[in-house]
Amino acid sequence: MRNKELTFWLFITPVLLSLSLVVIVPVIMGLFYSFTNWDGLTITEFVGFSHYQRLLGDEQFIQSLWFTVRFSIASIILLNVIGLGLAMLVTSKLKSKNILRTVFFMPNLIGGLILGFIWQFIFIRVFAAVGEFIGVEALQVWLATPTTGFWGIVILTVWQMAGYIMIIYIAYLQGVPKELLESAEIDGATPFQKFRHVIFPLIAPAFTVTMFLTLSNSFKIYDQNLSLTGGGPFNSTQMVAMNIVDTAFSGNQMAYGQSKAIVFFIIVALISLTQVYYNKKREVDL
Amino acid sequence: MYNIRYKKMKAGAILTGASVVLLAACGNESGAGPGGMGGTNNGGGDGETIQLNIMQGKVEFNEQFNELADQYMSENENIQIEITSVGGGTDYFTQLTTRFSSGDEPTIFSVAGPNEIEQFQDTMADMSDTEAAQAALEGTIENVTHEDGRVDAIPYNLEGYGFIYNREIFEQAGIDPESLSTYEDLEAAVETIDSQKEDLGIEAVFALPGAESWVMGDHLANVYLSPELNGNPVDAYNAESLEFERSDEFKRMLDLQMNHSVEPVLSLDYSQQVEEYFSLGQVAMIQQGNWIYPTLEQMDPELAENVGMIPIPLEGHEDQLPVGVPNYWAVNSNNDEATVQAAKDFLDWMYLSDEGKEFVVNEFNFVPAYEGYEDMEISDPLSQTVYDYSQSGDTIGWVFTGFPTGYQLNEFGPNLQAYIAGEMTWEEAIEASKEAWESMRE
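Sequence order for the protein chains is A and B. Counting along the first sequence from 1, when you hit position 252 you're at 258 in our numbering, and nothing is skipped either side. Counting along the second sequence from 1, when you hit position 121 you're at 194 in our numbering, and nothing is skipped either side.
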């Protein structure tokens, strides 16, 4: 018994330790700082909830929150549709499926900052050149307007993450028993019916995972945002993470930025937990 | 049941706690290096090695600065210098704050503008006894001098900006850029060049980098805000509100650049403006400063010889160039006297000794902010222009260094971008910027 206990703690301590060092302790310290006037060096007074009150009237913060929500909705839908589509493609009888898997997964191996700069070049130069060539004005102003900035980040994120989501779907698609599909075919199900009524419910656990990943990732995006648009034009494509960094570091309002981060943390945690709870309920067992 | 769980928790807490202590101990050991909080434990008496840790925010001359430090170390055996250079404005200040709060404080550090000086006030040694402070040019050190004569920091160098023009294009268009001193002159010249765009082989007259809000929100706005703030960053720092008295002049200059710029303005950035459009001769002029010269020279040495800089017209202040001190050197007072003195000696040597001057002018490509450089050849035409203007005193101060922290980046710049995009009218943009200033000054 005693031995077992010791082993238990030996295994769990490194995790506990790192978790508390990089997550729990900073969150508690952050919570504390958010009630003070901390400027990065010193604290001279406690300000209670005044930072949180100020947040309610902070238009830029609310706008960036709204932008992030819109961005997340667009990218979650696109990511799951495209990820699943790609997964279906590379689990079909295509000859080139192994190469395709690698190709689709590749963008995920490139860092977000670099991708941002690559796509900035594509949107600003390549799009403009193509637009000029075929005479489409709409292609020439990419990233110079809020709408193109929005879709620019969505395209970048989807392009980067779709391959990763694909891998998760592949794992679940391969787990769908052949005999079920066969019997559905014998019963005369069309390919769509087969997908809708057999495959779809069986890969529901995959949705739990991919939804969680895409949701929390698109909410927390920073590097792609920074290198692609830098929040511009006129901060219209600024996401919450960037708003927090700007407040804390370029605005040098550490405590206020910290209170934004706490609110952001609560929002992301609430949404993610709700989503996992509901998705879990939808899963079916064989 | 309860008992076992309690025991487990206790064991966990102890183990976790013990490891935290262990880790913290490691951290401490590596953290409190020489020059850190524990300034007393690194001696500093005669004959002993003095460590100078320098942290500064101008990466462009990092390599040359290190060479200078090597030379100084070879002449002064008991001095060890270690330089950390961190890039661009906001990143640097963040890292500086981090180093201070982690206890690993630099001995010499750079600060820009009254906001940063205010925050580090308590850790700055008085520099009034340095020779460099005595030799600083008029207008470069008053902003960091207290009423009792205490000097917080000494200037790095001077920088200036205006319209940098391509002489060849202006000659072909038959215009003498140096004669353009009023807005009307400039506007007429712009119209003339614009009408001959095809013949001159240029894409537009200007390249206005709308993606870089500092070009408009810091530099251009500075010209039109300086009269009401007496051209003094400290006045800007103390101002409770802004009037935007010269708002009309500001608008027409922004409009002039915007309407005659390469499109789309809002996604055009600094590197496109300088490296692409200007240095490839695709635009006649750009609003930039003498710091672009090394880039121009690298891109096209021939074109670089054929550029010049004229001031941005401001009524009542014609032919005055906005010249300012972008950075200051401060010495950390949390050190023993010998270390502080060694740091001051190094700075004096850098700016006032013959070897130092040589480096400052020829290797750093600085426009010196000190006396005693009159006989030296300044390396490039743009820096020469800046030095000439500051010698003759025809300058406008850099009030934007006294803007509230983050004002331009988060409020003013975006408002101007919204105006360019047509999302806000000029009045709305100015009104919003006034309100933002007041709320940030509360």
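Please note that a few of the clues may not be correct.
[Unchecked claim] Ranges of calculated distance between the beta carbons of each label pair, as one might list FRET restraints: (1) B/E191 x A/N114: 50 to 58 Å; (2) B/D392 x A/G63: 44 to 52 Å; (3) B/T498 x A/A177: 49 to 57 Å.
Source of the hints: derived by calculation from the structure; they are not laboratory data. Note that beta-carbon positions come from the ideal geometry of N, C-alpha and C, so glycine has one too.
Hint-by-hint comparison with the structure:
The hint said 50 to 58 Å for the Cβ distance between B/E191 and A/N114, and at roughly 45 Å that hint is violated. The hinted range of 44 to 52 Å is satisfied by B/D392 and A/G63, whose Cβ atoms lie roughly 45 Å apart. Take B/T498 and A/A177: their Cβ atoms lie about 55 Å apart, and the range 49 to 57 Å holds.
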